[in-house]
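Chains as they are written, first to last, in our numbering: chain A, 8 to 329; chain B, 4 to 385.
The hints are simulated quantities; they were obtained by calculation from the structure and are not laboratory data. Among these hints, one or two may not hold up.
Some, not all, of what chain A presents toward chain B, calculated at C-beta under 10 Å [unchecked claim]:
{"#": "1", "residue": "Arg12"}
{"#": "2", "residue": "Val17"}
{"#": "3", "residue": "Gly22"}
{"#": "4", "residue": "Phe24"}
{"#": "5", "residue": "Pro41"}
{"#": "6", "residue": "Ser112"}
{"#": "7", "residue": "Ser113"}
{"#": "8", "residue": "Pro114"}
{"#": "9", "residue": "Ser138"}
{"#": "10", "residue": "Leu148"}
{"#": "11", "residue": "Asp151"}
{"#": "12", "residue": "Tyr153"}
{"#": "13", "residue": "Ala154"}
{"#": "14", "residue": "Ala155"}
{"#": "15", "residue": "Thr171"}
{"#": "16", "residue": "His172"}
Cut-off 20 Å, straight-line C-alpha distance, at most; resulting in silico cross-link-like pairs (SDA-like, lysine to any residue) [what the hints assert, rightly or not]:
{"#": "17", "chain 1": "A", "residue 1": "Lys245", "chain 2": "A", "residue 2": "Glu235"}
{"#": "18", "chain 1": "B", "residue 1": "Lys382", "chain 2": "A", "residue 2": "Ala29"}
{"#": "19", "chain 1": "B", "residue 1": "Lys144", "chain 2": "A", "residue 2": "Ser113"}
{"#": "20", "chain 1": "A", "residue 1": "Lys197", "chain 2": "A", "residue 2": "Thr166"}
Not everything, but these chain B residues come out facing chain A in the computed CB check (under 10 Å) [unchecked claim]:
{"#": "21", "residue": "Met28"}
{"#": "22", "residue": "Ala162"}
{"#": "23", "residue": "Ile165"}
{"#": "24", "residue": "Leu168"}
{"#": "25", "residue": "Thr170"}
{"#": "26", "residue": "Glu171"}
{"#": "27", "residue": "Glu172"}
{"#": "28", "residue": "Ala173"}
{"#": "29", "residue": "Leu280"}
{"#": "30", "residue": "Ile284"}
{"#": "31", "residue": "Pro367"}
{"#": "32", "residue": "Ala373"}
{"#": "33", "residue": "Ile375"}
{"#": "34", "residue": "Lys382"}
{"#": "35", "residue": "Arg383"}
Don't be surprised by glycine CBs; every beta carbon is placed ideally from N, CA and C.
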Amino acid sequence: MLIKRGLAIVMVATGIFAMEVAMSVIMKGDLLFPSNAAAPGQFPEQWIHGSKSAMDNTDPAVQVHRYNEHTYILRENKAINYEGAFMYVFFGNGVALLIDQGSTSSPALFPLREVVDELIANWEEEFDQSSTHLIVANSHLHGDHYAAWNQFVDRENTTMVGLTHEEMMHYWGFSNYPDERLEFDLGGRKFVITGTPGHQSSEIALYDEWTDLLYTGDMFYRGRLYLEDWDAWAASIKRLRAMADDYPVSYLINNHIEMTKTPMVDYPIGTTWQPNEPPMQMSLEMLDEAVKATEVINQAGIYKYPDFLIYNEVPWAYTTDP
Amino acid sequence: MTKLAGCIILSLAWLPAAHAHMLNMTEIQIAADTTANATVTVRIDLGQSGLMTPESYWDAVSGADLPQKNEVLNRALEALESKIEVVVDGGLRDLKLRDYQIKAVSLEAIENPLTPQMTEVRFALTGAMPTSESIIAIRLKDTLDVPWPCLVRVDYFAALPISRLLTEEARSSGEIRLDGSRAEPGADFLISAVLKLQAWLPSLTWLMVGVQHIIPMGSDHMVFILGLFFLSTKLASLLLQVTAFTLAHSVTLALTTLGYIAAPAHFVEPLIAASILYVAIDNLYSRKVAKWRLLVVTGFGLLHGMGFASALSELALPEDSMLSALMFFNLGVEIGQIAVLFIAYVVFGWLQNWPLYRQRVAEPASMTIAGIGLYWLIKRLA
Ligand SMILES: [Zn+2]
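This is chain B alone, in the form it adopts within the complex (with noise of 0.2 Å):
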């Protein structure tokens, strides 16, 4: 592709200079170099800001060679150097005129808006180095009239630069943290560091899902626990038929997730909903814990654990450390039954010796999950 073409240059005439500031926007940034300092670089379009007239502005460049017509240039930099404020760690650094370069194609051009001729002024950051924890602002003066609005970018410690725009009405950037890292430090270092036991530890994952699939999801499973939990006053046979239950659901959950039996989840869930309505009923009409309930909870137990693996089957388990995984599962449901039971426990637990618990606690508790237990069975069904 050719440059441009003069001759289509030429044959065209200049219209007058539109209004708005917008591709001439002055640029600020700030960047780490080399030399141990840090260096602010200004892009501005000095012949359409307060510091120059375009014709002094087209002067210095067309008359560089004259120290006189550079005299109303050093002026502006000099403005530069003291209007734009850098401010590290809390305190106001000086800026040092490093070099620049000015350029220009024609005066008209200088004076079009349309057509920026920006000029490129280095300073150096005077000071100590900015360090990964610095917290940086960059301010303009109120007397400093520059093409707005400016585009402030730092290119620091972070990975990615940090931009930020200052206009007429906002000259301060603000704190600008160099590290990259935005307001709420601690909830970034948290997600982080769950993130990095996750990935040293990938089991942890899936305890943690098995925990959910009792608390909040698995409210079925909580509220079968519960309804033994009513029965029993006595520690012992809770823990028997828990137990019970437990042993039963991690059968038939490994069984069903490494595919050796299947359960149609319409034909396990209702089952599931009639053994919670069954235990609540029962806990209604038994004084105490009969011999047979511990084979109807083992055989509940299967049911749930059923109910489990269906569960389970909507994640995908991984592949190669599929057994782990299923184990680090159903760890994580046994840590869930039993923060059920504890917290049961610290409800209930010290009213069990009150002659009318049963009565006035257990009953009417039975009485709820029963119709808990109807009410997701005959809603299973449907």
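Just chain A, with the same shape it has in the complex (with noise of 0.2 Å):
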């Protein structure tokens, strides 16, 4: 009886034990993105550039890089839109953040909420997590980056930050852009965000902590910077120079590449394919030029720099080629 019992109960113990360890094998702990050093990540050689026939192009609509496990870059295809806008999907514990949506809206030609909820259900399968909530946020207000915002409106277990300034600033929680720098939490990968108005009125730089990426928009990239409000745009510059004096950075990432490898020499406006195109990350070097032009430019026009043209208040279409 003794035995019996002692039996008994040593069993149940181990069959604790036992269903412990088989949880523990089933139940994945939470993902990390510790800050302490860069999380690396890989650009590719080349985008995908367009072609010489729009008409005539073969390649997907929207092209997907994996950066690293948990960092996607995006981009439209140039034969679809000559913008060929970069998109950005960063991962966090239950919660994906979609910057900027492309300049094109239909669905058909760019199926750009289906390639998210493909990227997502692999993200998921592969780091055993589910139901995963998406944020749909924008860099800035500029209609070439949220054209097809309206294919996620439907979509469940997501967050449309707006299409409004005043949207964009509860979100975040601005109470004072854009000279503020907020923390946003995306499940447990720590991000900085900054107001850079400059290229437009609402514009948000992002800091990640993880990558150590910051990721600039369109207010600095390789191309033609069309600044509508000088004035704001130089703060915004320093305003990211002093971030990047806070906190390392590994790379500038941003929403476009408009110049080719030659320096000072972009592509002509419209084009919709880009051979030899330079990498779209940047360095620090270039934005401490971007930084040194702030106190030289003090008119405006268009001011040309080996690694981006400033269209200081000139009217878009305007452009350096002959």
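Take the two lone chains and join them into the complex the hints point to.
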């Protein structure tokens, strides 16, 4: 009797132990996003960059590039829209952040929703996650960066930040735009967000403490930097520089490539084919160039720098091309 | 900063227009205004829309004094008036042209979608003013060709504007609730009610925290209570034990939290597991509740109180209302305990008069509890 009972008690204990071991195998722990060292990532050698004939283009409508396991860079096919805008998907525990929705609305031409849904499903499968919440946000409020926004409105488990300045400020929690620095927690992945108006008056920049990537949207990229408000842009560039002083930055990432590999020379506006593109990512030295520019430029006009052109309060259609 | 320098512009050549309609996208804003009416404002690059050619648009701008030159413009405005449909609470409302501002710098600028030359047209929304409960929708008729996409912005009762995007494929905004609420208003209501209640009665939060430390977080305390349950078939004796246990753990919980005594978790936690094992084995070998069992249970109560305290210390107790928070936490723990006993009674109580209750129910249950206690004991010692 005594032995029988004792055995039963030990068996219960063993059973619980076996169950717990089994559970720990099934249930994985949280994904970790430590800030102490830059999580590495890869940029492609060459982005898909359109084709000589836009009609004959056979590339995917959206190029999906895996920068690292929780960071994806998307690019709209330049043959569908010459903007060739980059979009970003950042993953944290239980949540994904989609920044920008490209330049084409039509789901038939540009099935962004489908691509993002598939990306999330694959990521969930790989990292044993489920019911990931999607945040649909924007770097700034220009139509070439939210054209496919509507594809997400009926998506379940989704937050649409909104397409007005007020909604953007409210969502991120700005009370003193653009001077503030806000902390944003994407499921354990920490971001620092600040205001960067100048190209457009609602723009934000995001710094990812995990990858050390600093996302500068349309206000700083390899191309024609169209500035509607010079003073605001100059202040924003300095704000980004201050951010880079306080946080380690691996690369600056952004929304377009419009420069050729030849310094100071851009591709013609509206081109759907950009052979021999330079990389999209930029360095802090280039940001320093921009800081210097803010100290020199005091007039409207076009100013050329090796890695970008400043179109200071000049209509967008103008170009330096002969 | 000086404004645009003319010399720079003149020195530059125009490029052929690109195809994108991105910078000149259309915007429709619906806003309440002071005239007890609503205004629908449309910002549109008319010269790039299907409503006017760039030439007729330039004519309308440059020859505004000639009535016949405005004929095309008037037709365009009429088209906007009749083909932008605003539905308020299921009823289609007419728009009535109020005024407009038409601008352009040159014909070339109109022709180029990269230099949008926007016209702003304001319409009055006829009929009764929508209320904060109203649901509205905006749609563009299939025959209306505007530079896409079309941003809809509603500025009404909600603190924030509401935005929607109309595209060539999705020409309707769908339902927009003017109070700014989204779907599932019920869930929002519940959350806000709970938040309000908490703000009004913060101690309630601590009561809930206390309950949670039995169900579901305090599984060891829950199992201990069940251990007590399976020994006594008499309610009075069970209540006596539970009361002794409760009084004891209240004392140590308070003393530990207020800093009079300290109990390291690595010491208390294995002992709590051992107490479960002990009570369960005792159930197997004693036919009735011994007098000294009450003493043992009281001792275990002191132990469990220290366990609650270490769990509570992970939460920040409010400094100014520490005592009341502690009291409500303790009360929550009691409620949790009573709930466990209640459930046990519902499940097993009706079996207690069965002659085989002890053999078929109480003993297997106690052995299971003992197994759980043993497992925790080994785990916590390891
Ligand atoms: Zn832009």
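Here is what the structure says about each hint:
Hint status for Arg12/A relative to chain B: holds, with the closest Cβ pair at about 6 Å, below 10 Å. A distance limit of 10 Å between C-beta atoms decides the matter here; for Val17/A the minimum to chain B is near 7 Å, and the interface restraint holds. With a cut of 10 Å, the hint placing Gly22/A at the interface with chain B holds, because the nearest CB-to-CB distance is about 7 Å. Using the Cβ-Cβ criterion of 10 Å, the hint placing Phe24/A at the interface with chain B is satisfied: the shortest such distance is roughly 6 Å.
Hint status for Pro41/A: violated, given a least beta-carbon distance of 23 Å to chain B, over 10 Å. At its closest, the beta carbon of Ser112/A sits 4 Å from a beta carbon of chain B; the interface hint therefore holds under the 10 Å criterion. This hint holds: Ser113/A has a C-beta 6 Å from the nearest C-beta of chain B, less than the 10 Å allowed. With a cut of 10 Å, the hint placing Pro114/A at the interface with chain B holds, because the nearest CB-to-CB distance is about 7 Å.
With 10 Å as the threshold, the beta carbon of Ser138/A stays out of range of chain B, its nearest partner Cβ sitting at about 16 Å, so the hint is violated. Evaluation of the Leu148/A hint against chain B yields a held restraint, the C-beta minimum of about 9 Å falling below 10 Å. Checking Asp151/A against chain B: minimum C-beta separation of about 4 Å stays under 10 Å; hint holds. A least Cβ separation of about 7 Å between Tyr153/A and chain B falls short of the 10 Å threshold, and the interface hint therefore holds.
Using the Cβ-Cβ criterion of 10 Å, the hint placing Ala154/A at the interface with chain B is satisfied: the shortest such distance is roughly 6 Å. For Ala155/A, the interface hint holds, the least distance from its beta-carbon to any beta-carbon of chain B being 9 Å, beneath 10 Å. Given hint, Thr171/A at the interface with chain B, holds; its Cβ is 4 Å from that chain's nearest Cβ, closer than 10 Å. For His172/A, the interface hint holds, since its Cβ comes within 10 Å of a Cβ in chain B; the closest pair sits about 8 Å apart.
Of the pairs offered as hints, the one joining Lys245/A and Glu235/A holds, with about 17 Å between alpha carbons and a cut-off of 20 Å not exceeded. Proximity of Lys382/B to Ala29/A is assessed by CA-CA distance (about 16 Å); at most 20 Å being required, the pair is judged to hold. Using a Cα cut-off of 20 Å, the hinted pair Lys144/B and Ser113/A holds, with the two alpha carbons roughly 18 Å apart. For the proposed pair Lys197/A and Thr166/A, the alpha carbon gap of about 18 Å is at most 20 Å, so the pair holds.
A cut of 10 Å between beta carbons decides the hint on Met28/B: the least distance to chain A is about 4 Å, and the hint holds. Evaluation of the Ala162/B hint against chain A yields a held restraint, the C-beta minimum of about 8 Å falling below 10 Å. At a threshold of 10 Å, the smallest CB-CB gap from Ile165/B to chain A is about 8 Å, leaving the interface hint in force. About 4 Å separates the beta-carbon of Leu168/B from the nearest beta-carbon of chain A, less than 10 Å, and the hint is met.
Restraint check, Thr170/B versus chain A: the minimum CB separation of about 4 Å is within 10 Å; hint holds. Annotation: interface hint on Glu171/B holds; nearest CB of chain A at approximately 7 Å, less than 10 Å. With a least beta-carbon distance of about 6 Å to chain A, the hint placing Glu172/B at the interface is held under the 10 Å criterion. With 10 Å as the threshold, the beta carbon of Ala173/B comes within range of chain A, its nearest partner Cβ sitting at about 5 Å, so the hint holds.
Against a cut-off of 10 Å between C-beta atoms, the interface hint on Leu280/B holds, since the closest Cβ of chain A lies about 8 Å away. Of the supplied interface hints, the one on Ile284/B holds, with its beta-carbon coming within about 8 Å of a beta-carbon of chain A, less than 10 Å. For Pro367/B, the interface hint holds, since its Cβ comes within 10 Å of a Cβ in chain A; the closest pair sits about 8 Å apart. Look at Ala373/B: its Cβ gets to within about 4 Å of chain A, closer than 10 Å, so that hint holds up.
A cut of 10 Å between beta carbons decides the hint on Ile375/B: the least distance to chain A is about 6 Å, and the hint holds. The interface hint given for Lys382/B holds, since its Cβ lies 8 Å from the closest Cβ of chain A, which is under the 10 Å cut-off. Look at Arg383/B: its Cβ only gets to about 12 Å from chain A, farther than 10 Å, so that hint breaks.
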